[in-house]
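Asks: Residue-level listing of the chains:
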Amino acid sequence: MAEPMKIRARLQGDTADVRILMMHPMETGQRKNSKGDLIPAHFIKHVVVTHNGKTVLDAEWTQAISRNPFLGIRVKGAKAGDKIGVTWTDNKGDTRTDEVAVAAGS
Amino acid sequence: MNKVRRHFLKLTGGAGALTVAAASGLFASGAAFAANRNEAALTARGMQDVLKHLGVSNMTDSKDIAITAPDIAENGAVVPVAVASKIPNTESIAIVAEKNPSPLAATFDIMPGSDAYVSTRLKMGQTSDVRAIVKAGGKYFTAVKEVKVTVGGCG
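Line by line, the protein sequences are chains A and B. Residue numbers for the first sequence, in this note's numbering: 1 to 106. Residue numbers for the second sequence, in this note's numbering: 1001 to 1155.
Hints are not guaranteed to be accurate.
What the hints assert, rightly or not - Example chain A residues on the side facing chain B (calculated, C-beta under 7 Å, incomplete): (1) 17; (2) 21; (3) 35; (4) 37; (5) 45; (6) 48; (7) 50; (8) 61.
To be verified - Straight-line distance between alpha carbons at most 27 Å, and here's what the computed DSSO-like set of lysine-lysine pairs gives: (9) B:1052 / B:1086; (10) B:1139 / A:54; (11) B:1086 / A:32; (12) A:76 / B:1052.
Simulated from the structure, these hints should not be mistaken for lab results. Bear in mind the structure is a predicted one, so any value in this text is a computation, not a measurement. Just so it is clear, CB atoms sit at the ideal spot from N, CA and C, and this is done for glycine as well.
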């Protein structure tokens, strides 16, 4: 099972500033290991972000997104305690979903 | 059934048909699992093909698209790029690193009512223009920013 994402969602007014760090090698398929063999491509292809179950962002990715991908978005009309869900699916069909509650702003 | 398991089972349900297709060589690129909606554009090798597969026949330069990225990226493997669109009814944002082997790095569909802002980190092989292509109200708009790369991030 893939490592959990780190998700922070903090209110700024009525918008949640959401920062997501996904743990994934995002291998391009062009790198070689120490034996000179190509390391197969292994990367997140699809990301969905939901706010209280409703999709707010649907992203399609390639190997050009950096290792341990970062995604920052802003969710409008959010309140403290609202649920932000993130799901990623990679080219091998592995998937991971994590969820956090929006934290009140400072 | 928990959500993750249900999602995974939904994916593997289609795997039978896909493995037959993969064996028959349909997925030559090795991406044997679910193809993205924009797969052709995401795997296209040059800007012209990217634009063709995205369905962009023409795009208008727009000052309402802000690209935040470093002038000089020390490490081409991790280049922070953020795109904010103030164009009303922004439906999607595509981020392109024009000199990458597959220039289209990612597409983001913004659901109605959501903020047209995304921030991520790209791999860039060399100094290149980073271009944002925004689809809004059925039309395409674009902005570009050059990012110099001192150490390339692809290999």
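Asks: Does the structure break any of the earlier hints, and which numbers would those be?
Replies: Failing hints, ascending: 1, 2, 3, 4, 6, 7, 11, 12.
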